[in-house]
Amino acid sequence: AQSVSQHNHHVILSEAASLELGCNYSYGGTVNLFWYVQYPGQHLQLLLKYFSGDPLVKGIKGFEAEFIKSKFSFNLRKPSVQWSDTAEYFCAVNGNNRLAFGKGNQVVVIP
Amino acid sequence: EAGVVQSPRYKIIEKKQPVAFWCNPISGHNTLYWYRQNLGQGPELLIRYENEEAVDDSQLPKDRFSAERLKGVDSTLKIQPAELGDSAVYLCASSLDGGVKNIQYFGAGTRLSVL
Numbered sequence: 001a002q003s004v005s006q007h008n009h010h011v012i013l014s015e016a017a018s019l020e021l022g023c024n025y026s027y028g029g030t031v032n033l034f035w036y037v038q039y040p041g042q043h044l045q046l047l048l049k050y051f052s053g054d055p056l057v058k059g060i061k062g063f064e065a066e067f068i069k070s071k072f073s074f075n076l077r078k079p080s081v082q083w084s085d086t087a088e089y090f091c092a093v094n095g096n097n098r099l100a101f102g103k104g105n106q107v108v109v110i111p
Numbered sequence: 001e002a003g004v005v006q007s008p009r010y011k012i013i014e015k016k017q018p019v020a021f022w023c024n025p026i027s028g029h030n031t032l033y034w035y036r037q038n039l040g041q042g043p044e045l046l047i048r049y050e051n052e053e054a055v056d057d058s059q060l061p062k063d064r065f066s067a068e069r070l071k072g073v074d075s076t077l078k079i080q081p082a083e084l085g086d087s088a089v090y091l092c093a094s095s096l097d098g099g100v101k102n103i104q105y106f107g108a109g110t111r112l113s114v115l
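Top line first, the protein sequences correspond to chains F and L. Following the working numbering, the numbering of the first sequence begins with 1 at its first residue and continues without gaps. Following the working numbering, the numbering of the second sequence begins with 1 at its first residue and continues without gaps.
Hints are supplied without guarantee of correctness; some may be wrong.
To be verified - With a cut-off of at most 27 Å between alpha-carbon atoms, the simulated DSS-like pairs for lysine-lysine come out as follows:
#	chain 1	residue 1	chain 2	residue 2
1	F	K61	L	K101
2	F	K61	F	K103
3	L	K101	F	K69
4	F	K103	F	K71
5	F	K103	F	K49
6	F	K103	L	K78
7	L	K101	F	K103
8	L	K101	F	K78
9	F	K61	F	K71
10	F	K58	L	K101
11	F	K103	L	K11
12	F	K58	F	K78
13	L	K101	F	K71
14	F	K103	L	K62
15	F	K49	L	K101
16	F	K49	F	K78
17	F	K61	F	K49
18	F	K71	F	K58
19	L	K62	L	K16
20	L	K78	L	K62
21	F	K103	F	K78
Stated by the list, open to error - Here chain F is said to cover these stretches of chain L; the calculated rule only asks that three of the stretch's residues, wherever they fall, bring their Cβ under 8 Å from a Cβ of chain F:
#	stretch
22	35–49
23	94–101
24	106–115
As the list claims (entries may be wrong) - Pair by pair, the computed Cβ-Cβ distance ranges are:
#	chain 1	residue 1	chain 2	residue 2	range
25	F	A1	L	L96	24 to 30 Å
26	F	E66	L	Y10	34 to 40 Å
27	F	K61	L	L39	23 to 29 Å
28	L	E68	F	I60	30 to 36 Å
29	L	G85	F	S3	18 to 24 Å
30	F	S70	L	I12	44 to 50 Å
31	F	A17	L	E68	43 to 49 Å
32	F	I60	L	R9	32 to 38 Å
33	L	P18	F	S84	36 to 42 Å
34	F	I60	L	L39	25 to 31 Å
The hints are simulated quantities; they were obtained by calculation from the structure and are not laboratory data. Owing to the predicted nature of the structure, the values given are computational and were not obtained by experimental measurement. Just so you know, even glycine gets a beta-carbon here, dropped at the ideal spot from N, CA and C.
Bound conformation, chain F alone:
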């Protein structure tokens, strides 16, 4: 079975600060990795994805994530956050045709 771990469930930071959210997964085979974001009052939407190739992937709104196979990690980063980045962020893995989500990170950006 596959599983996803996200730490630091609640993150509070000021505008212009850098953000890094950790994601570790457990699955023995080839995985496809995703970060989804849910802005307040909105539905879950895809932020970025990794299937293969360059392990550093770029998504919308200046976000990027790095896949490190040896560490089973897919951490999300943004160099300088904005107030509008306040949202809940979910890491997800699909290795066996079923999308498994982590518990999410609630990120609050203070203006």
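We have chain F; now place chain L onto it with these hints.
Leaving out everything else, chain L in the frame of chain F:
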């Protein structure tokens, strides 16, 4: 292009009552998913449909939950009877197909409160 549409957005019922949720996927999407999201948790898959066939329902509590996707388009998820522990957000998602690289598009969800 319209996204995944769910209704109702909110539902409050008393325990032991039945409840139903409706989902209309993005046009042309063959695969439809129902998830349950408990407070403080990520979504968990309940059932996946490929067209009108339920291909993964292993996590659906079949004693009280049922789902259908007639004609392979919209879908209904039912709980009968509801229990206090069923309070959660029920999410519907759709994708072009059910492959491991598919992008799932989510609806706004139905927030169920069981009193």
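Straight-line alpha-carbon gap F:K61 to F:K103, limit 27 Å: It holds: about 22 Å lies between the C-alpha atoms, which stays within 27 Å.
Assessment of proposed distance window 18 to 24 Å (beta carbons of L:G85, F:S3): Cβ of L:G85 to Cβ of F:S3: about 22 Å, so the range 18 to 24 Å holds.
Satisfaction of hint between F:K78 and F:K58, Cα-Cα up to 27 Å: holds, 10 Å
Cβ distance range 34 to 40 Å for F:E66 and L:Y10, holds or violated: Holds, since F:E66 and L:Y10 (Cβ atoms, about 39 Å apart) stay within the stated range.
Pair hint outcome, L:K101 versus F:K71 [Cα-Cα no greater than 27 Å]: Judged against 27 Å, a Cα distance of about 21 Å means the pair holds.
Hinted pair L:K101 and F:K103, Cα distance within 27 Å: Distance ~21 Å between L:K101 and F:K103 Cα, so the pair holds.
Pair hint outcome, L:K101 versus F:K78 [Cα-Cα no greater than 27 Å]: Measuring from Cα to Cα gives roughly 24 Å; hence the hint holds.
Distance restraint between F:K71 and F:K58, which requires alpha-carbon spacing of 27 Å or less: Between F:K71 and F:K58 the Cα gap is close to 20 Å, so the pair holds against 27 Å.
Distance restraint between F:K103 and F:K71, which requires alpha-carbon spacing of 27 Å or less: holds, 19 Å
Pairwise hint evaluation, F:K78 against F:K103, where the allowed Cα distance is 27 Å at most: Given pair F:K103, F:K78 holds - Cα atoms ~20 Å apart, limit 27 Å.
Cβ separation of L:P18 and F:S84, checked against the hinted range 36 to 42 Å: holds, 40 Å
Range hint 43 to 49 Å (beta carbons of F:A17 and L:E68) holds or violated: holds, 48 Å
Checked against the numbered hints given earlier, the structure breaks only hint 32 and satisfies all the rest.
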